Amino acid sequence: MAKIDNSLLDIGYMDKLASGDSSLHRLDPRAKLITTLAFILVVVSFDKYAVSELIPFFIYPMVQIAVGSLPMNYLMKKVLLVAPFALLIGIFNPLMDRETLIQIGSFHVSGGWVSLVSIMIRFVLTVTAALTLITLTGFNAVCMAMEKLGTPKPFVIQLMFLYRYIFVLIDEAARMVRARSLRSFDSNAMAFGLVAPLVGQLLFRALDRAQRIHLSMCCRGFEGRFRTLGPMTIGLKEYGYVVGWSSFFIFLRFYNLPVKLGEIVTSIF
Amino acid sequence: MADALISPAVGATMWVAAAGLIGYSSKKVKEELDDRKIPLMGVMGAFIFAAQMINFTIPATGSSGHLGGGMILAILLGPHAAFLTMASVLTVQALFFSDGGLLALGCNIFNLGFFPCFVAYPFIYKKITGGDPTEGRILAGALVASIVGLQLGAFCVVLETLFSGISELPFGTFLLLMLPIHLAIGIVEGVVTAAVIVFVRKARPEILDAAARSLPIGEIPIRKVLAGFVAVAIVTGGALSWFASAHPDGLEWAMFRTAGVEELESPEKGPHASLADIQSKTAFLPDYGFKTTEGAPESEEAQPSWPAVDPGTSLAGLVGSALTFTAVLLIGLGLRQRKVRAS
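Keeping their order, the protein sequence lines are chains F and S.
Counting from 1, one number per residue, gives the positions in the first sequence under the numbering used here.
Counting from 1, one number per residue, gives the positions in the second sequence under the numbering used here.
Simulated from the structure, these hints should not be mistaken for lab results.
This one's a predicted model, so the numbers in the text were calculated from it and none came from an experiment.
Distance condition first, Cα-Cα at most 27 Å in a straight line; then the derived DSS-like pairs of lysine-lysine:
id: 1; chain 1: F; residue 1: Lys148; chain 2: S; residue 2: Lys30
id: 2; chain 1: F; residue 1: Lys148; chain 2: S; residue 2: Lys27
id: 3; chain 1: F; residue 1: Lys237; chain 2: F; residue 2: Lys148
id: 4; chain 1: S; residue 1: Lys27; chain 2: F; residue 2: Lys153
id: 5; chain 1: F; residue 1: Lys148; chain 2: F; residue 2: Lys16
id: 6; chain 1: F; residue 1: Lys237; chain 2: F; residue 2: Lys16
id: 7; chain 1: S; residue 1: Lys202; chain 2: S; residue 2: Lys126
id: 8; chain 1: F; residue 1: Lys153; chain 2: S; residue 2: Lys30
id: 9; chain 1: F; residue 1: Lys16; chain 2: F; residue 2: Lys78
id: 10; chain 1: S; residue 1: Lys126; chain 2: S; residue 2: Lys30
id: 11; chain 1: F; residue 1: Lys77; chain 2: F; residue 2: Lys16
id: 12; chain 1: S; residue 1: Lys27; chain 2: S; residue 2: Lys127
Use the sequences and the hints to build the structure in full.
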């Protein structure tokens with residue numbers, strides 16, 4: 001029950017963040033979408049033992065969070081929430097791959113641990129990048145960007161419909177679940193036999209609503225696309241953003257900054 | 001599937017496959033259906049979200065479950081519309097709940113959308129239920145179709161992980177882990193799907209009739225599409241991996257030149273699975289020295305593409321990483337401070 005309300009609040013909160021105002025918020029969504037994809041692609045393109053190479057990439061989500069005034073704690077909590085999956089698969093690496101890879105003094109680190117750390121870093125980087133994209137841009141703008149970039153229109157439109165009606169239908173589902181639990185004494189457990197009628201009822205309500213929505217949209221002159229105020233424009237700023245970040249990512253891809261830095265520092269001492 | 005576990009080649013290949021399927025399905029939906037279907041699909045996608053919130057206890061196990069959705073969408077909307085809806089459900093999940101990730105989205109759409117909508121539904125559910133199904137047939141059809149769909153999806157996850165070569169998990173072990181879990185999920189999914197369909201059929205049969213009518217899914221086009229995607233996948237996968245191996249990064253390149261061994265791709269290939277198996281067995285032995293002296297031959301020597309056991313470089317890497325990370329944090333904090341002062 002709490003779960004339902006929470007996820008609803010969650011989406012609502014992220015939408016609220018997206019309606020903020022900063023130089024990053026004002027950027028054309030296409031630029032942000034492309035840069036995020038470039039970032040993720042470069043990050044996952046490293047080989048599986050890459051750790052130090054990945055560290056400089058934290059600058060990208062960091063700048064996004066700082067410039068966009070996003071709540072760091074909230075984003076970190078969201079990342080932690082989904083971490084177990086990556087950990088579950090990565091945890092086998094230390095068991096399987098026991099060859100020593102790093103050695104400092106008499107301290108040995110096996111390849112498996114290194115690749116586990118690498119997996120977790122990738123995980124944090126890619127998830128935060130996706131989260132900052134959505135919290136800086138908002139779902140509808142991302143959809144618009146997708147359409148402008150060539151995603152088929154029926155897909156985009158129904159994606160936007162879906163997003164609009166998640167709230168309504170989750171409310172509906174929450175109401176049904178609440179009604180049931182108020183009328184039954186045995187805690188939270190829902191009997192299996194109740195599922196079909198409950199889900200079925202929800203389905204009927206959804207279908208009726210879809211019908212009403214369509215009729216009312218037809219009445220208001222819907223002809224297969226959403227119109228928005230404020231046309232999207234790609235200007236110098238957008239080009240600069242995409243080219244600047246992408247070339248920085250590529251530079252970091254081929255030039256291991258931390259190792260160079262470390263060499264300089266260790267050679268001093 | 002998560003971004004952290006896949007390589008760009010696999011991610012991109014699956015993106016191409018998923019994008020192709022979305023394009024194909026969009027065209028189909030536009031062609032054969034009235035525009036009423038699009039809001040309907042959106043609302044049905046939202047319905048899947050809402051239905052996933054209805055948790056119930058699974059009899060005799062004590063654990064709880066919920067509806068996954070691919071199969072019920074296919075039955076209610078037909079394969080093309082269902083595929084689009086499933087793809088958008090997964091997109092929302094990737095963006096808001098970080099389920100999966102953007103690069104892995106292609107994989108997820110393929111694993112959870114393609115198999116139930118284009119394989120399990122037309123070739124299993126339709127075949128079993130036929131024209132005028134009884135309740136038993138609906139149950140059997142939904143059950144078998146859900147199980148097969150999920151097993152294929154799980155198998156695909158294992159394959160994608162394997163080809164990415166990020167996780168060390170041996171193929172066999174991972175498969176043994178994934179398939180039984182998804183068998184259980186498939187049974188629950190099938191039973192719930194059947195129960196809901198039967199309920200809908202009793203209460204408002206016209207919904208299913210409408211869905212059944214808009215289903216001219218011929219067998220030839222789907223086969224063509226399948227063949228097309230296999231071809232596309234092979235071409236892109238091949239081209240990308242060629243690209244990847246033609247331009248290895250500096251260290252790998254150096255290793256290749258000095259060691260003269262092409263070990264870069266071996267982790268993905270079949271023999272390595274058995275090798276890893278042996279390796280894991282020996283590795284669990286307490287005597288570490290025994291393993292290194294006797295252990296599997298050259299492949300282990302050549303595998304690490306990080307500057308192997310060179311204490312100097314390791315230290316430099318660690319120190320540098322720590323410094324860089326600190327610098328990144330400071331930049332972030334600095335930007336934020338300035339922001340706060342400015343506002």
